[in-house]
Amino acid sequence: MSKVIVVTSGKGGVGKTTSTASLGAALAQGGRRVCVVDFDVGLRNLDLVMGAERRVVFDFINVAQGDAKLSQALIRDKRIDTLYLLAASQTRDKDALTTEGVERVIGELRESFDYVLCDSPAGIERGALLAMRFADQAIVVANPEVSSVRDSDRIIGLLDSKTLRAERGEQMDKHLLLTRFDPARSNSGEMLTLDDVLEILSIPLLGVIPESKEILRASNLGAPVTMNASGGQAALAYLEAARRLRGETVPVAIPDEKKTFFTRLFGRRAA
Amino acid sequence: MNLFGFLKARGSAPVARERLQILLAHERVALGPRDLVTILRDELLATIARHIEFDPEKLSVKMERSDSVSTLEIDVEIPCDKFVSRTQASAA
Chain A
1 MSKVIVVTSG KGGVGKTTST ASLGAALAQG GRRVCVVDFD VGLRNLDLVM GAERRVVFDF
61 INVAQGDAKL SQALIRDKRI DTLYLLAASQ TRDKDALTTE GVERVIGELR ESFDYVLCDS
121 PAGIERGALL AMRFADQAIV VANPEVSSVR DSDRIIGLLD SKTLRAERGE QMDKHLLLTR
181 FDPARSNSGE MLTLDDVLEI LSIPLLGVIP ESKEILRASN LGAPVTMNAS GGQAALAYLE
241 AARRLRGETV PVAIPDEKKT FFTRLFGRRA A
Chain B
1 MNLFGFLKAR GSAPVARERL QILLAHERVA LGPRDLVTIL RDELLATIAR HIEFDPEKLS
61 VKMERSDSVS TLEIDVEIPC DKFVSRTQAS AA
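Each protein sequence line maps, in turn, to chains A and B. So for the first sequence, my numbering puts the first residue at 1; every next one is plus one. So for the second sequence, my numbering puts the first residue at 1; every next one is plus one.
Be a bit skeptical, because a hint or two may be false.
[Said to hold, decoys possible] Computed list of chain B residues with no C-beta within reach of chain A, every gap over 12 Å:
{"no.": "1", "residue": "E18"}
{"no.": "2", "residue": "Q21"}
{"no.": "3", "residue": "S70"}
[What the hints assert, rightly or not] Derived Cβ-Cβ restraints for the label pairs, each shown as a range:
{"no.": "4", "chain 1": "A", "residue 1": "A96", "chain 2": "B", "residue 2": "L36", "range": "30 to 36 Å"}
{"no.": "5", "chain 1": "B", "residue 1": "S66", "chain 2": "A", "residue 2": "S147", "range": "35 to 41 Å"}
{"no.": "6", "chain 1": "A", "residue 1": "Q65", "chain 2": "B", "residue 2": "K58", "range": "39 to 45 Å"}
{"no.": "7", "chain 1": "A", "residue 1": "E199", "chain 2": "B", "residue 2": "S60", "range": "38 to 44 Å"}
{"no.": "8", "chain 1": "A", "residue 1": "R54", "chain 2": "B", "residue 2": "E27", "range": "42 to 48 Å"}
{"no.": "9", "chain 1": "B", "residue 1": "K62", "chain 2": "A", "residue 2": "G222", "range": "53 to 59 Å"}
{"no.": "10", "chain 1": "B", "residue 1": "E27", "chain 2": "A", "residue 2": "G222", "range": "55 to 61 Å"}
{"no.": "11", "chain 1": "B", "residue 1": "S66", "chain 2": "A", "residue 2": "T99", "range": "41 to 47 Å"}
{"no.": "12", "chain 1": "B", "residue 1": "T47", "chain 2": "A", "residue 2": "R243", "range": "34 to 40 Å"}
{"no.": "13", "chain 1": "A", "residue 1": "E111", "chain 2": "B", "residue 2": "V69", "range": "26 to 32 Å"}
{"no.": "14", "chain 1": "B", "residue 1": "K58", "chain 2": "A", "residue 2": "T99", "range": "53 to 59 Å"}
{"no.": "15", "chain 1": "B", "residue 1": "T38", "chain 2": "A", "residue 2": "E248", "range": "36 to 42 Å"}
[Said to hold, decoys possible] Which bits of chain A does chain B cover? Going by a derived footprint, with three or more residues having C-beta under 8 Å, they are:
{"no.": "16", "segment": "84–95"}
{"no.": "17", "segment": "215–225"}
Treat the hints as calculated values from the structure; they're not laboratory data. Bear in mind the structure is a predicted one, so any value in this text is a computation, not a measurement. We put the beta carbon where it would ideally sit given N, CA and C, even for glycine.
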């Protein structure tokens, strides 16, 4: 069965696009058919992070408006052949996407893919609402930092009220992906801990991605970190998060973190 | 060296957590779906303010539920000099 997942955060710059690309690649590496969709009209970047920026001919808006077929706009990854990208338009006005157009394209994507990952634009405007509108599940990306956590809380409220699922009275599955986490600073009390963020947002955990040099290197090269620096901590964290998305039970290991007696004893709550 | 130094809060993260918890408690009420207590609070505020001058911050509405009985606790603090009904004052 096909799953549509929105990757959202409210705040910009927390790692939505990086996480969409990395989780998409990880799921596809596991053999699933995956399409990553950029909803950030006018400020597209998923193509760049995926290393496909020179291959975009038709985009999401062309398909939504009926000017191109979906098959013409889908860009197949050169490294993983079950991974596809639907790019956003860079030139069109952000109001060019209509609810009906998005619904039709998402419906078509559901027919061909196991996972459709929607990379939401920042903010709580139309673009972000459209990205979450038809999702079955949401990944809320947050940094352990006050403004990011506050905005995530706001986004969780919108996921519970402005999505099709919420309007039908159904439950929207939401999971936290904590990114740019620095275990040493968190341990020394300089940074919110994982438990702080989980307690405040009270949604289940999908994964913790450590702050890592691999991430910048991956976007420099246009290759999601899971393809690129296999074995690194960030890559491993994304690969494990992808397995949890697929429903496997994988304990959340926080690299380098000194385990307290209680976490060692009881482990951590995972999705 | 202070033997109990380890008990003191280290760093700024605990401050961040506390600030967030307080802020979000308010924002969830203001922006989220309105629960019964919030609706009651707003309507009580409007009703009381029609008759008595008082500080809206001093109204507390709590609801406690147990298996057999639920209680609604309304606590309004009114300064002595303000305890003159607006309707009486206008009639005088």
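Each hint, compared with the structure:
{"no.": "1", "hint": "E18", "result": "violated (10 Å)"}
{"no.": "2", "hint": "Q21", "result": "violated (6 Å)"}
{"no.": "3", "hint": "S70", "result": "holds (24 Å)"}
{"no.": "4", "hint": "A:A96 - B:L36: 30 to 36 Å", "result": "violated (42 Å)"}
{"no.": "5", "hint": "B:S66 - A:S147: 35 to 41 Å", "result": "holds (39 Å)"}
{"no.": "6", "hint": "A:Q65 - B:K58: 39 to 45 Å", "result": "violated (56 Å)"}
{"no.": "7", "hint": "A:E199 - B:S60: 38 to 44 Å", "result": "violated (24 Å)"}
{"no.": "8", "hint": "A:R54 - B:E27: 42 to 48 Å", "result": "holds (43 Å)"}
{"no.": "9", "hint": "B:K62 - A:G222: 53 to 59 Å", "result": "holds (56 Å)"}
{"no.": "10", "hint": "B:E27 - A:G222: 55 to 61 Å", "result": "violated (38 Å)"}
{"no.": "11", "hint": "B:S66 - A:T99: 41 to 47 Å", "result": "holds (45 Å)"}
{"no.": "12", "hint": "B:T47 - A:R243: 34 to 40 Å", "result": "violated (56 Å)"}
{"no.": "13", "hint": "A:E111 - B:V69: 26 to 32 Å", "result": "violated (54 Å)"}
{"no.": "14", "hint": "B:K58 - A:T99: 53 to 59 Å", "result": "violated (45 Å)"}
{"no.": "15", "hint": "B:T38 - A:E248: 36 to 42 Å", "result": "holds (40 Å)"}
{"no.": "16", "hint": "84–95", "result": "violated (count 0)"}
{"no.": "17", "hint": "215–225", "result": "violated (count 0)"}
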